[in-house]
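Read top to bottom, the protein sequences are chains A and B. Just so you know, the first sequence maps onto residues 9 to 305 in the working numbering. Just so you know, the second sequence maps onto residues 9 to 305 in the working numbering.
Because the hints were derived from the structure by calculation, they are not lab data. Do not rely on the hints blindly, as some may be mistaken.
Which copy? The list can't say, so a pair holds if one copy fits it or any two copies do.
[Stated by the list, open to error] With a cut-off of at most 30 Å between alpha-carbon atoms, the simulated BS3-like pairs for lysine-lysine come out as follows:
(1) Lys235 - Lys12
(2) Lys300 - Lys257
(3) Lys82 - Lys257
(4) Lys151 - Lys82
(5) Lys233 - Lys150
(6) Lys123 - Lys150
(7) Lys300 - Lys150
(8) Lys235 - Lys195
(9) Lys235 - Lys300
(10) Lys235 - Lys123
(11) Lys233 - Lys28
(12) Lys233 - Lys300
(13) Lys300 - Lys195
(14) Lys28 - Lys235
(15) Lys12 - Lys300
Here the structure is a predicted model, which means the values were calculated and not measured.
Number of protein chains: 2
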Amino acid sequence: MLTKEHIADQFRQLQDNICKQLEIADGGGVFVEDLWERPEGGGGRSRVLQGAVIEKGGVNFSAVHGELPEAVAKGMGLGPTDFFATGVSIVLHPHSPMAPIIHMNVRYFEAGGGKWWFGGGIDLTPHYVVPDDARYFHQALKKTCDVFHPDFYPTFKQQADDYFFIRHRNETRGIGGIFYDYLDESKHGLSREQLFEYSLAVGNTFAPVYSELLRRAANRTWTEKEKHWQMLRRGRYVEFNLVWDRGTKFGLETNGRTESILMSMPPHAEWAYNHQSLPDSPEAQTLALLVKGVEWV
Amino acid sequence: MLTKEHIADQFRQLQDNICKQLEIADGGGVFVEDLWERPEGGGGRSRVLQGAVIEKGGVNFSAVHGELPEAVAKGMGLGPTDFFATGVSIVLHPHSPMAPIIHMNVRYFEAGGGKWWFGGGIDLTPHYVVPDDARYFHQALKKTCDVFHPDFYPTFKQQADDYFFIRHRNETRGIGGIFYDYLDESKHGLSREQLFEYSLAVGNTFAPVYSELLRRAANRTWTEKEKHWQMLRRGRYVEFNLVWDRGTKFGLETNGRTESILMSMPPHAEWAYNHQSLPDSPEAQTLALLVKGVEWV
């Protein structure tokens with residue numbers, strides 16, 4: 009019997025494993041930990057790294073429970089109920105504009121009446137899209153997905169395109185990845201145990217893939233021009249997270265731990281009025297790829 | 009008879025006057041103008057300055073009309089209706105961390121069935137609160153308000169405290185000011201003509217007051233430490249505008265002109281995980297004043 013305590017334990021271990029691998033990939037930084045408690049039940053373990061390669065990285069674990077706030081329950085189509093939620097959530101901002109921002113999340117949710125589901129995904133936000141890297145990234149996600157169900161990659165890839173979309177800019181946040189939510193036995197016929205294994209597999213795909221992307225970016229040089237572009241792209245990241253991201257909105261509106269929720273914010277960001285890229289510039293080439301429906305595999 | 013065309017004309021002139029005064033106060037920068045049209049009706053005149061004293065400033069005029077989007081109408085307690093809206097909206101970010109960010113807005117709204125109202129206000133966000141400046145600022149607003157109604161300043165001052173509040177940080181955006189909305193004849197017995205005069209008076213209070221605040225800040229020196237604090241405070245400004253500000257949300261969710269709506273974004277901003285100010289430091293003293301209900305007059 010797969011208990012929620014076991015799921016939380018495994019997610020906590022996942023956080024440990026990922027932090028170890030990221031410290032190796034960074035080659036300098038060490039995670040600093042904050043334990044926090046939620047007055048209404050549960051708590052979390054926030055870890056932040058300011059490293060040599062990763063400028064600002066947050067790797068969050070939490071397991072919370074209690075009464076589900078009414079507005080949230082309504083949004084999920086549920087009546088008054090207790091809930092349990094546990095997950096690992098990550099955003100990493102590298103120093104180099106030639107390396108990508110990355111986001112990963114896996115989570116498990118239980119409500120009253122035996123309802124449960126998994127959610128999560130990984131998506132990549134390169135400041136400059138490098139097609140080889142984008143293919144490598146999507147191929148790795150597909151490989152993990154294909155072990156579990158042939159529909160997972162195409163379905164969750166499209167969901168990522170739709171979700172990580174900055175509506176008011178009419179551009180995607182990055183090159184997408186996979187995104188799934190409300191995943192239970194009814195969707196693709198996998199058992200709760202199998203879906204948990206899948207979520208762990210997604211979590212375990214994260215660190216090796218990002219380490220490889222950092223290795224590839226390590227020798228790429230840049231100037232002030234690329235650094236400035238990175239700051240503008242980080243501004244867009246802020247816009248997505250504060251205006252559209254459901255997780256961030258949910259957290260801020262339900263009185264979550266603000267410092268943990270906003271670990272996703274970049275260390276610096278910039279805004280320029282009506283910034284235009286030169287035609288055929290690397291910046292314009294990147295913008296041209298920030299659209300839904302690009303098939304990288 | 010006060011027509012909506014006349015109101016729009018006067019607001020356009022207000023924009024002209026303010027821009028002239030701000031160019032003088034800046035002593036170097038010149039506004040660059042963009043005209044834009046709204047496909048559904050109307051348009052605007054956006055002006056942006058990157059100056060010697062004002063690092064990034066936006067002064068927007070717009071007059072738009074058409075069918076009121078259903079979701080917006082609902083939020084206003086209205087059925088399907090045409091609307092007309094015109095206003096001037098300003099956010100200025102100074103170079104110096106010792107000078108304050110300022111925001112001003114005056115607007116007029118008409119809906120079907122003879123409904124109309126005015127809204128607006130001015131509020132100040134010092135990176136470091138200087139009590140003398142805060143008193144001067146509030147005193148100037150009170151003086152303008154008192155010409156029209158003795159209740160205006162205390163009522164609109166409290167509304168500013170309530171509105172410019174960053175809930176997830178439990179702190180006000182700055183030291184407040186005045187904020188009013190849905191202001192029509194029913195509230196304080198003033199006629200439409202008088203309320204329009206009041207809105208123009210608020211608009212005309214803006215430039216001289218901010219010019220004086222810039223003069224006061226001109227000789228204040230700063231180091232990297234104050235500059236870093238300014239960047240963190242700008243991060244909070246971004247959080248308020250993208251998470252809580254009704255005008256920004258309304259604009260982004262109803263497909264407004266994104267570059268004009270987000271003129272309010274600072275040129276640079278920073279986020280630091282769990283930043284703590286030293287006890288009794290100028291930063292801690294400022295934070296202690298970012299609460300509701302401080303009486304500056």
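Numbers of the earlier hints that this structure fails to satisfy, in rising order | Going through the list in order, the structure violates hints 1, 4, 5, 8, 10, 11, 15 and respects the others.
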